[in-house]
Amino acid sequence: MLKYILKRILSSILVLLGVVTITFFIARVIPSNPEVKWAGQRATPEQLEAARIELGLDKSLPEQYVIYLGDLLHGDLGKSLRTHQPVSSELRRYIPATLELVLLAFLLAVLIGIPLGIYSAKKKDRLLDHVSRFFSIGAVSLPTFWVALFLQLIFYKNLSLLPIGGRLSVEATIFETVPDITGLLLLDCLLTGNFSLMADAFRHIILPCVTISLYPIGLVARMTRSALLEILGEDYITAGHSYGLSDGKMLWKYALKNSLGTTATDVALSMGYTLTDTFLVEAIFSWPGIGSYISGAITSLDYPAIIGVTLFGACCYIILNLLADIIIASDPRVRL
Amino acid sequence: MKKRITAALVLILTFSLLIGSSVSASAAADKKILYHVHNSMPYVTLDPSIEYSNGIMVLQNVYETLTHYDPEKGEVVPMLASSWSSNEDGTVWVFQIRDDVVFHDGSKLTAQQVVNSFERSMDLGQGGAYIWDAVLAENGGSVEATGEYEVTITCGYPCAMDLVTSSAYAAYVMSDSVIDKDVEFFNQGNDGGSGPYTIAQANGDSVVLQAFPDYRGGWNDAQYSFVYIREVSESSARRQMLETGEAQISCEFSSTDLEALEAQTDKVHAIKAETFNNVIMFINTEIEPGSNADFRRALAYAFPYEATVNEVMNGNAVQSVGTVPAGLWGHSDDIFQYHLDMDKAKEYLEKSGIDTNGLKLTVTYMTGDDTYASALQLYQVNLRQLGIDLELKSMEWDQQWAQAQNTDPADRQDMFLFIWWPDYADPVSWFTSLLHSEDEITYNLSYVHDDEMDALIDEAVELTVTDRAAAEADYIAVQDILTDQAYYLNLYDQVHTYIVSNSVEGVAENPAYSYTIDYYQVTSK
Amino acid sequence: MAYFEIKNLHVTHKSYEGIKDVLDIEHLTIERGETYGLVGESGQGKTVLALTILKLLACPPGKIESGEILLEGENLLALSQRQMQQRIRGSKIAMIFQDPMSCLNPVFTVGSIMTDVLQTRRKGLSRKKATQEAVKLLQEVKLADAESILSKYPHQLSGGQRQRVIIALALACGAELLIADEPTRNLDVTIQASILKLLKELQQKRNMTVLFIANNLSLVSAFCDRVGILYNGKIIEENTTSALIAAPQQEYTRVLLDAVKAESRSAEPVEGGEELLRVEHLKKYFDINDDIKHQKHLCLKAVDDVSFTLRKGEVLGIVGESGCGKSTLVNTILNLFEPTDGEVWFEGKPALGAGRKGGSAFKKNVQIVFQDPYWSLNPRWLIKDIVAEPIEVYERLGEADKIRRVKELLTMVGIEEDACYKYPHEFSGGQRQRIAIARSLASQPKLVVLDEPTSSIDVFSQEQILALLKDLKKRFGLTNILISHDLGVVHEMANKIAVMYLGKIVEFGSAEEIFHHPRHPYTKALFDSIPSLATQGMEGLKTLEGQIPSPINPPQGCAFHERCAWACDRCSCETPQQTDLGGGHMVSCLRAEELTELM
Amino acid sequence: MSNLLQTLRPRIKSFGESLYLLARNKLSLLALIVMILLILSAIFANVIIPYPQDIADASHIEDKLLPPSAEHWMGTDELGRDIFSRVVYGARVSLRSALGAVGLSLLIGVPLGAIAGSFGGWVDNVIMRLTDVFLSFPPLLLAIAMVAVLGSSLNNAVLAISLSWWPWYTRLIRGQAISVKERKFVQAAETIGTGKLKIIFRHIMPNCISPVIVQASMDIGGVILTVASLSFLGLGAQLPTPEWGLMISMGRTYFPDKWWYCIFPGVAIFITVLCFNLMGDAIREILDPKTRKK
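The listed protein sequences correspond, in order, to chains H, S, B and G.
Here this note's numbering is used: the first residue of the first sequence is 1, the next is one more, and so on.
Here this note's numbering is used: the first residue of the second sequence is 337, the next is one more, and so on.
Here this note's numbering is used: the first residue of the third sequence is 862, the next is one more, and so on.
Here this note's numbering is used: the first residue of the fourth sequence is 1461, the next is one more, and so on.
A portion of the hints provided could be inaccurate.
[Claimed, not checked] Which residues of chain H face chain B? A partial, calculated answer using Cβ under 8 angstroms:
1) Ser242
2) Tyr243
3) Leu245
4) Lys249
5) Tyr254
Hint data in this document are derived by calculation from the structure and do not stem from the laboratory.
Where is the CB? At the ideal position from N, CA and C, for every residue including glycine.
Looking at chain H on its own, in the form it has when it is part of the complex (with noise of 0.2 angstroms):
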């Protein structure tokens, strides 16, 4: 076992390194000239040199791409174009705020899809199944960015039950100390006991976190319906059966045991395609987080925060496959 999990991550770092330098040379071939958005647009010739140099845009591309892998391994990932910070930090600032979204999302996802799925499978073909099924493929074929824009009318200005976006409230902000130690919001002011902080991030989170659930939602309840049908067709359910075992334990011992595997792997694929919502969603509900920040790189081609970004997408999607893969690995059918 641990052998297999070490060659997986070994096969993980590898595939970070293509990641890398694929990024790293598309980076390079988009037409724009960083060393003016370095030194301001109007800035006269000494100084577009002066920031070439600063930036190593003088040295050839293959000496920029060893120098970058060279920092990059002491977690240096260069510096900001447009704010002229290092990269590194800018993410360590954006990154908490994107992870509670999406964690508080995928918590949604479970405790919401699975029971779904579970009924649904139980109720096979009959109205609940029906309506959990449109429901949950409702749910995976709604343009998230969409959505938003109706939670915020509906919530903000017509109940005025929620905020219509950002972290905390102004007064909050300003007034309150607010605890940073992990930086998921929630779970600091737990954690200091803060709690009408914690109530007033929890409002703030709720919309956009909802809005983001969506997918996730009807991606699990789907992949554990048919997971479950699969298993419930099986011929160990119908010898249990045969030999008196109870429908409910077969359901929630036996099949949902042999299901989660598959499950899980399929969340975690799927997680690429919710960070992409996220990444629409934050700017709708101006949520500080990574979101927010990569739109704004993108606007002005600022390459290094782009593979900054991409770095922690690559590398999120990538934990989350070891996950998936250490998970069915400690299935007992698997022998690879």
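On the provided structure of chain H, position chains S, B and G as indicated by the hints.
Chains S, B and G alone, transformed into the frame defined by chain H:
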């Protein structure tokens, strides 16, 4: 297990909905907050020497410059400098500095700190640093403190230094304590300014300004002790925030949101601010058909100016007269103005003898600006009547610009939608940057090479310092040539419409400092 | 009143083709303690019946139209699922399924499965107690070291062990009626016998009633008191075992009987011509390295030092339990696998190592007919393309000529010509096998390998296919290698036999020699453990105890000694060499001579 | 594979039969009908729509942003163009690009997968690592990069999507190929001496394809959504193309007062994607209960 988690969630939810607002209740009483929502990030960096973007809307309230442009008077007025003088050819400038200025760190302003601040900008050579070109050592210029409260600036060539020092870019004066700090230091929310407000928090998408108690102007209760500036990109969202009274100031609304808001006079009122920002359509004059003057005139007559200003911009713009916007010297209402006239367009098209069948032009414009898109689509329709097929290409600025700088003229766009504004109240940048022929393409994106214009411009720059009237005359002459030749089309000058809560007064935008509001002047009713 | 009774039960299955009857049983009774055998091939509705009795039939598409199933006078069909689950399933009626792998939940240990079952049955049974129970049960089904088995996952057990676990599960709740649905189907013959014996014992011990479902009469004849023949969902004939075998009434029954009366016909010995194929010390080892369960680098000796010669016109039958390496041997000879070591000579020329190109001459001359005609024909191809594939490879023929050749071949194997433009799924198993044979002949080979040619087609076709093969062999003077676990088929076709055990040939010789005077204990055991009509009752059935050792680490000395009734200490240390007992009868057993008398 | 009920499990033979099975599930049937309607309207768009000229070459700024009415069923947009016409025409745009993207990904993914699965060994390794690399790109970012290089246009967006999509098919096909490779007819072909490539492309690939087709049909919906997202970000279709995502992004500035502008395109996306997903599910359940994206 699951049940327990869900239960917990539900609990927190209800709990939060109940007491969620308590945070605001507790605080708002004693300290007044002015909430300004902006459509894009309020800053890129907070480094006073480097920032060359939205950041001035923050920095302008935190730092001060030697001089300041007063739009009413139409000239620069004292700020940190109490007075200044120059020799007749405008190469040596002497500024007298106020002696009662205190920085936020408590230190007092002296001439030396002014010198250090300017040199910092020049050394970093980023953002707006180019404005010091004339002062750079290699151009034979210098800045030195010639007394505790006297700064002498020597220029390599004549230069209107009083205007330069009023710039919102690269001309801020800062305390010595921050001179050697780097960008990161400033972006963490530190500042070394002397302005009415200090930066209390900088969170990337939002900034909190806090009143600086020892500001020499003093404070009254009506003024705001906190200003919260935050990015909310969605127009509809910003509108809702004003409607609910959560925010007090915002602008850059979509036409419909604006209509809706302007109707709600019980809650909010609109403040229109003329700007120096004008939108220009470059034409690639180096290749067919753009190289043909009559064809360019045809293009000029085919543009839907009125529709754009009235329908697309909903009156948040005025059609340009000449290239220098009204309110800035060098502007003249007598300059010829094109209007939509398809017959004239057809006429000129025939005159040009360009064969339009299968003729395809590309126009590039910046992604994300819907008003550009709408205007261009209207234009597209008109041109189709002339048998010209216009292809819209939305691009990120850098790509757009990179393509425009392509070495082979044929690989560049045919037209280029462009917005320009001066870094300080001097029309010079339109002429030197956009119209003066240049050996290396930067902003002359019509690729104009007109010796007559060049001569006039060079002369005007010289005269700016000594004989402004003469300079103005030259500029107007240039604009006459420009419009006659239709090297590029002057479409419209932007008008910023701020929607301001009725509980607030004193909001005004200074055209020389785009998007900046002097919060010190803002008070609550 | 009978203990168990089925009255005009009528079950249908709804599908696109419409509603079709799967079961239509007028009357069937089983007395307490009786063993009733239900015989029929797959697709005749045996499994449906079993599931219907337990009310586990999937409805829809299945539908129980009418009828009663009475257990001690109580109509099961009238009961609700809930009642069935609580009162009947497991506690009164238990079932043993045919495929032991798919019937155990792979992600749970045997222990947890068993305790689950026990606890649902007996409320308030502590986990500890339940475990003890489980151990008892496992011992009852003769599983050595029951404790360790409890902690194992199904896939860690051998087929035989799994089947025993399943039996244990069925017994767990003290059911009185046991439905055994082809319980030995996927098991090796030697294991088969022991499982049957076990069942018999348990039945007597617990005095259970057994409904034994099987697809061939020989098993039933040994096991059951009464037999019913199921055909198209109907019981077409019913009688006591002996009577039925003695005097079958129905044609179908007769065919079923013939199928297992192999001894009746045997192949005529041919005078071998010159040598065609010679195999020398052929070895094929497979590397096994397992990432997940970090095992160290192992190798599986599938074929371990095999040598034999085959002469023109001979038919070599290779027999042995599954996993003994029959198929691997053939595939290696056919160049499908790289041999680890050894030589293969075809017509005196080396056939291996010649690689893909040089080998093609050899490939042209050696063709194979696979066991399962469903997967040996590409379902996406037209018959003409399938049959023409070898022609494509070896001959440049115009479309017209090609079609002509294909049609010749098809007629030769008795398929009408217009089959050319049909797809495989439009044909029955038998027909497909004919098509496969046609293809194998297309390149005019000298040697045709037959890999279980009849095992997966219905009894009717089996006969004809064998006949066809014999006929073709005569017409083209073919030489054959025949792999089969069905001794009947081997008996009928082969005139040379090779008996394989754990990758080695333990006995090699002419058919009659081996059939009538087997010299190797394994050969003998193998033959004995196969139930035949001759052996009435279980007593005649000799069983071979113990599991087949894994070929990954075969036992020292004679690979068979662990299970050999005649083994002595020598066997466990000394590896026997092939010894010729004259007449090309080779045996690799240390005690061959002495045993000739003993056995 | 469940052996117990094999005898009872229907084996799909004819198109009619699959229809019959599909029709048993009302929801899927409804989806099918709507889908057919959509496709038809996409094909005959120019015939159906009331204001064909509003697709590209007309603007009536004077009657901009009119609410839904008899002559403009879905109202008009900021240039006074008939939204209904544009939404209907949008179906064509979306479907075309979705099909394009999926088709392209299949073109790349299927052969690679077949080769990887059939050859195994280092070839397999290299190919699968490559798919991992492409899978681990956040699709959006990949699209952005592509568009940044090639300039934003619908076709480039489609290209970008295919680039992030093909690995799914490679994985799927590979899995299939590995199992098909074991099928006897492949061995038969080998004994016959058929060439390796012929075996891969004539024997193995055709037998892997069906689950991929199922997967592809399920993906169409997702792809439509992605195209919309890209256009929403201005990385996809260019004005005045009536692409749904683009329309929403234009319309959202007029939301909520001129709700119709961004509601109808949104609804159009939702219905289309929903139908395709429902169909995809149905087809999967009928044809191949085992296939899943993995």
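Closest C-beta approach of serine 242 of chain H to chain B relative to 8 angstroms, hint status: holds (4 angstroms)
query: Any CB of chain B closer than 8 angstroms to the CB of tyrosine 243 of chain H?
result: Holds, because the Cβ-Cβ distance from tyrosine 243 of chain H to chain B comes to roughly 5 angstroms (cut-off 8 angstroms).
message: Hint leucine 245 of chain H vs chain B: min CB-CB distance below 8 angstroms?
response: Since the shortest Cβ distance to chain B is 5 angstroms, the answer is holds.
task: Mind checking the CB of lysine 249 of chain H against every CB in chain B and telling me if the closest is under 8 angstroms?
output: Result: holds, 7 angstroms to nearest chain B Cβ.
- prompt: Does tyrosine 254 of chain H pass the interface check with chain B, least Cβ-Cβ distance below 8 angstroms?
  reply: Given a least distance of 5 angstroms, the restraint on tyrosine 254 of chain H holds.
This entry satisfies every hint, going by the numbered hints stated previously.
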